[in-house]
Amino acid sequence: MNHRRFRHALWASWLGFISLIALWEIIAALQLLDSQVFPGPVAVIEAAIKNVPLKRLLEHIGISLLRVIMGFSLGAAVGITVGIVSGWYSKLGNVLRTPIEILRPIPPLAWIPLAIIWLGLGESSKVMIIFLGSFFPIFTNTFKGMVTIEPNIIRVAQTLGVQKNKLLFKVIFPATLPDIATGFRVGWSYSFGLVVAAELIAASRGLGYMIMHARELNMIAVIMYGVILIGTINLVTDYLIQEVILKRKLKWHYLATAY
Amino acid sequence: MDATITGLEESKKGFQLSDRWIQIITTVAIIGLWELLSRTGLIKPVHLPSPTRVLSTFIYITREGYPQDITIFKHIKATVWRIIQGYLLATATAIPLGLLIGSHFLLERAANPVITFARSIATISLLPLAIAWFGVGELSSILLIMYGAFWAILTNTIQGVKQVDVNFINVGRMFGATRRHIFFRVVLPSTLPRIFSGMKIGLGVSFMVIIAAEMVGTVKGLGALIQQSRLYYRTDITIVGMIFIGIFGLIISIGLDRLERVMLPWAIGLEEVKR
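Protein chains in written order, with the numbering used here: chain L, 1 to 259; chain G, 1 to 275.
Here chain L stands alone, though its shape is the one from the complex (with noise of 0.2 Å):
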């Protein structure tokens, strides 16, 4: 619906979202609950600075980041890799199709018994978990991208004698490059709430670690810090992949596309 008088009520937005933390405080500040249980935004900064050095909470922040970024860059090496070769090759691509299509229904965080079985505790099981977790969107999105390709820019291409590896380089893979981006951005806020669950079953390390072992101390005022610090960590990451990278790189793409 258009309404051109507020498009841009910016003091909304903020509005909203102070209204929010003030109303929180207000019903934290009620004592209808012990403190202990429902802490206030003001106690739960207090809670944080005095259980959670920086130090600390830095290392959390870092081993976290880690996993995801190993875990990620493997699964979207692969996932392009894959995607590419099954678009190109219609018949291997059905063969190396047939797995991944079976796996795929199977949610990351199943695997999460069996990564731990295969691999230990140990850091590669979590990176096998994010793997998987970008791994198949950036597959999908790669694949789509690759067979959904306007056949005209093809044939435009071959028309102008394009062949063969500098179809696929230089016109067709560049073609597929806002399909990998969508499969990037879901791949990665997907990647990003799996580590925190991978963390939360058996980790001593790590952002979901440091919430669960704030719930065995019973520590409510952490676990609301943490929280708080993984969704701010996952909004500041998705909208540097989207505004500054993506929307850089892929300029013509979202210029052709606007309206």
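There may be inaccurate statements among the hints.
Stated by the list, open to error - Derived, one-sided and incomplete: chain G residues facing chain L with beta-carbon distance under 7 Å: (1) Q23; (2) H104; (3) L106; (4) R109; (5) A110; (6) I115; (7) F117; (8) A122; (9) I124; (10) L129; (11) I131; (12) A212; (13) M215; (14) I226; (15) Q227; (16) M242.
Unchecked claim - Covered stretches of chain L (in silico footprint by chain G; criterion: 3 or more residues with CB under 8 Å from a CB of chain G, positions within the stretch not fixed): (17) 21-29; (18) 67-78; (19) 89-95; (20) 108-122; (21) 182-193.
No wet-lab data here; the hints were simulated from the structure.
From the three backbone atoms N, C-alpha and C, an ideal C-beta is built for every residue, glycine too.
With chain L fixed as given, assemble chain G onto it according to the hints.
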């Protein structure tokens, strides 16, 4: 999906294996190789039990159950029941709220940052909080499912309402339709496809959330099954559990696509247009 890029040239050749047959042969080959590797001892049964072993475990688990007396059906029932409760709660709250927020511009603006932030909080990260507040068990699982599904349905409902063609509303007004009439005859039907796609995403999220939630501290449910059996190195049971989870995931995605086609025929092709 059939029209691949290279397909143009290849179609000239004579005998061709159809795609379906390639898939069947590949599947059989993989299972055969898996069996062979397990038989020859190259893969240890603790790491990956053979397909025949998995099959016999499958039969065992439907009759005897694991842990004792909890058959696979009881696990499935527990998981499904949790999903249903959490999902229904999410649907019942998110749709009306989404319709409300979507039809008031300032409200939408005010809610937007809150929704964006709530969505980027991984639902799983709320598990410790849910356990601390409500304990391990049903209530925690249900509320987590509700949280996960809620935001997916809410955002899609809001988007749906916002995308209603203004001309439709204006035409309705011109013919003297009341606000109520416009809402039920114009806004709601054109919003339904988006609501439905939100519900689809929401159900997928619910499913993942419940598997993770069940892995922490519950005894019944598919997530609990794969985690418990892992602790006792019953890899065969873990794999049977994963197969069931996979089938479940497949039913959810295919079933909903079919349902959408039957219920909302005017929404077909919406995704293609978006591209």
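For each hint, the structure was consulted:
1. Q23: holds (5 Å)
2. H104: violated (9 Å)
3. L106: holds (5 Å)
4. R109: Holds, because the Cβ-Cβ distance from R109(G) to chain L comes to roughly 4 Å (cut-off 7 Å).
5. A110: holds (3 Å)
6. I115: violated (9 Å)
7. F117: holds (6 Å)
8. A122: holds (4 Å)
9. I124: holds (4 Å)
10. L129: holds (5 Å)
11. I131: Check passed: Cβ of I131(G) comes within 6 Å of chain L, closer than 7 Å.
12. A212: holds (5 Å)
13. M215: holds (6 Å)
14. I226: Constraint on I226(G) satisfied, holds at 5 Å.
15. Q227: Hint on Q227(G): holds, closest Cβ of chain L at ~5 Å, below 7 Å.
16. M242: holds (5 Å)
17. 21-29: Violated, because only 0 residues of the region 21-29 of chain L bring their Cβ atoms closer than 8 Å to Cβ atoms of chain G.
18. 67-78: n = 0 at 8 Å, threshold three: violated.
19. 89-95: holds (count 6)
20. 108-122: holds (count 9)
21. 182-193: The restraint on the region 182-193 of chain L holds, since 3 of its residues have a Cβ under 8 Å from chain G and three suffice.
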